[in-house]
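Here is how the chains run, residue by residue.
Protein chains: 2
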Amino acid sequence: MKISIIGTGTVGQTIASKLIELGYDVMLGTRNVQEKLSSTAKDGYGNPPFSEWNKSNARVKLGTFEEAASWGEIVLNATNGANSIAALKLAGAKNLSGKILIDISNPLDFSNGMPPSLLPGLHNTNSLGEEIQKTFPEAKVVKTLNTVWCGLMVKPDMIGKGDHINYISGNDPGAKAEVKKLLTQFGWKDENILDLGDISGARATESVMPIWLRVMGVVRTGAFNFTLVR
Amino acid sequence: MKISIIGTGTVGQTIASKLIELGYDVMLGTRNVQEKLSSTAKDGYGNPPFSEWNKSNARVKLGTFEEAASWGEIVLNATNGANSIAALKLAGAKNLSGKILIDISNPLDFSNGMPPSLLPGLHNTNSLGEEIQKTFPEAKVVKTLNTVWCGLMVKPDMIGKGDHINYISGNDPGAKAEVKKLLTQFGWKDENILDLGDISGARATESVMPIWLRVMGVVRTGAFNFTLVR
Numbered sequence: 343m344k345i346s347i348i349g350t351g352t353v354g355q356t357i358a359s360k361l362i363e364l365g366y367d368v369m370l371g372t373r374n375v376q377e378k379l380s381s382t383a384k385d386g387y388g389n390p391p392f393s394e395w396n397k398s399n400a401r402v403k404l405g406t407f408e409e410a411a412s413w414g415e416i417v418l419n420a421t422n423g424a425n426s427i428a429a430l431k432l433a434g435a436k437n438l439s440g441k442i443l444i445d446i447s448n449p450l451d452f453s454n455g456m457p458p459s460l461l462p463g464l465h466n467t468n469s470l471g472e473e474i475q476k477t478f479p480e481a482k483v484v485k486t487l488n489t490v491w492c493g494l495m496v497k498p499d500m501i502g503k504g505d506h507i508n509y510i511s512g513n514d515p516g517a518k519a520e521v522k523k524l525l526t527q528f529g530w531k532d533e534n535i536l537d538l539g540d541i542s543g544a545r546a547t548e549s550v551m552p553i554w555l556r557v558m559g560v561v562r563t564g565a566f567n568f569t570l571v572r
Numbered sequence: 343m344k345i346s347i348i349g350t351g352t353v354g355q356t357i358a359s360k361l362i363e364l365g366y367d368v369m370l371g372t373r374n375v376q377e378k379l380s381s382t383a384k385d386g387y388g389n390p391p392f393s394e395w396n397k398s399n400a401r402v403k404l405g406t407f408e409e410a411a412s413w414g415e416i417v418l419n420a421t422n423g424a425n426s427i428a429a430l431k432l433a434g435a436k437n438l439s440g441k442i443l444i445d446i447s448n449p450l451d452f453s454n455g456m457p458p459s460l461l462p463g464l465h466n467t468n469s470l471g472e473e474i475q476k477t478f479p480e481a482k483v484v485k486t487l488n489t490v491w492c493g494l495m496v497k498p499d500m501i502g503k504g505d506h507i508n509y510i511s512g513n514d515p516g517a518k519a520e521v522k523k524l525l526t527q528f529g530w531k532d533e534n535i536l537d538l539g540d541i542s543g544a545r546a547t548e549s550v551m552p553i554w555l556r557v558m559g560v561v562r563t564g565a566f567n568f569t570l571v572r
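One line per chain: the protein sequences are X and L, in this order. Heads up: the first sequence runs through residues 343 to 572, numbered per this note's numbering. Heads up: the second sequence runs through residues 343 to 572, numbered per this note's numbering.
Among the hints, erroneous ones may be present.
[What the hints assert, rightly or not] These stretches of chain L come out as covered by chain X in the derived footprint (C-beta under 8 Å, 3 or more residues):
{"no.": "1", "region": "539-546"}
{"no.": "2", "region": "558-571"}
[Claimed, not checked] Simulated coverage check for chain X against chain L, where a stretch passes if three residues somewhere in it have a Cβ under 8 Å from a Cβ of chain L:
{"no.": "3", "region": "462-469"}
{"no.": "4", "region": "494-507"}
{"no.": "5", "region": "535-541"}
{"no.": "6", "region": "556-567"}
Keep in mind the hints are simulated off the structure, nothing from the lab. Only a predicted model underlies this, so the values are computations on that prediction, with no experimental measurement involved. The C-beta atom is built at its ideal place from N, Cα and C for all residues, glycine as well.
Modelling step: build the complete structure from the supplied sequences, incorporating the hints.
Given below as C-alpha cells:
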C-alpha cells in the first residue's frame, strides 16, 4: 500500500522510516523538492538537514505536496499545524477526495513565547482536525497520535510496556478502523486506543498540548505519556 | 485550623465534609445565607437542595462570602468558574490578603452546548487561576485538584490504589507546601502531586477539561483520572 506523508520534518521522517520498515511504499511531500534535497541547513529545531536523513532512508520517495497526495492511497498530515491547511490546499482537494487523511498535527502558536499556545480560531470551540475536515469535506479525516511525542508514535513500548493512551477521532467509522490497523502495526494495543467519536474529538486531543508541554517542561523529556486510570 | 470554602455546590460540600472529618473548622460562604438555607429546590445538576446536605453536616458553618473569607485562615474557591471572580470580589480582597487561596475551579462555558468549552479570555493565553491571582495580588493562589472529579479529590484511592495524577501550581512555594500537606490528608501521595511551577500552570491544568469531558462522555463516569507513564 502507498502512503504519502505531507511534511518532511522530524515527525514526518519518523513516521516514514517506520512505514518503510513495515513494508509500505512511502512518499514524502514537500513544498519544493530541489530546495529540500539541496539544503544543508539544520531545521528550526536544530535537527540535521533533510538530505542527511534521506541518505539513510533512500527507499522513501520525495515529491511535491501535490505529487505525494495524488500518489498515496492514504495521506498523512505531518506538517506544522500553522501551515497544515495551506499545505493541504497545495496538495489539492481532488487528490484527497475519498481518501483517508490521517491528521497527527497540532495547531501550535509560537508567537506568544514558550511553551507555545494554541492558534486563535483553532481551539476551544474549533480544532485543526475539524478545520481540515471542513476544508476538505470529501476526505476522511482521522485524528490520532497528536498527543504523543513522535518517538512514541511508532514505538509506544518505549515506555510503560506500551500501556498508555492514544486517541482516535473521525466521522468515518471505516476509516478509523483502517487507521487502527496501522496503529496496531506501530505497536499500539487495541485497548489503549480510545475512540472519541467524530472529528470534534480533535478539539479535546489538541487541547492536551498545554498540559503535555507543561509536564514536558518538568520531566524534561518527550518520552512520556498519560494513561487512563479507572 | 479554620478553612472557609467559597461556593456551596457539590464540590464545596464534598470538600467541606472531608475537612470536617479531618478535624478542621469549616465555614461555607454563599451569596445569601437565608435563601440558601430555605431553598428546597434541587441545584442546576439535579442534586438535593443545600438544606438537606446541611442537616447531616451540621458542624459546617454557613456565612456570606465575606463572612467566610474573613473567618477562614485558608480560603478555598469552589464556585462555578464563570462566577469565581465576582464571588471572590464579594468575599473581599482585604479578607484574602496574605492568605492561601486554593483554587479548584474551572472556567467552564456552557453557552455553546455540551460538553462545555472554556470561557473566552480565560484559556490558552490566560487562565482562571492566573486571573484570580492578578485580581487579588495579595492572596497566595494555589491551583490544584481541578483536573479530577470531586469524589476523587478527597478520596483518590477510589481508583487505581490512588496512583493517578494531581497538579499544583502557584507563585508562593510556602503556600504550595501547605496545600500539599492538606492534599496528603485527602489521600494524595506525594509522588502523584506534580508541581508545575508558578500560577501559569493553571493554564495547563484548566486545559485538561476538554479531554477530561470528552473521555467522561466515553467512559460514562467521573471516577477516572490520568496518570503519567515514563
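Now for the hints, and whether the structure bears them out:
1. Judged by the Cβ-Cβ criterion of 8 Å, the region 539-546 of chain L is covered by chain X as claimed, because 4 of its residues qualify and three suffice.
2. Remark: the region 558-571 of chain L is confirmed as covered by chain X, as 11 of its residues place a Cβ nearer than 8 Å to a Cβ of that chain, reaching the required three.
3. Counting residues of the region 462-469 of chain X whose C-beta sits closer than 8 Å to any C-beta of chain L gives 3, which meets the bar of three, so the coverage hint holds.
4. Interface restraint, the region 494-507 of chain X with chain L: holds (5 residues with C-beta to C-beta distance below 8 Å; minimum three).
5. Counting residues of the region 535-541 of chain X whose CB falls under 8 Å from any CB of chain L gives 4; the rule of at least 3 is met.
6. Restraint check on the region 556-567 of chain X versus chain L: 9 residues with Cβ-Cβ distances below 8 Å, three needed, restraint holds.
Hint violations for this structure: none, all hints satisfied.
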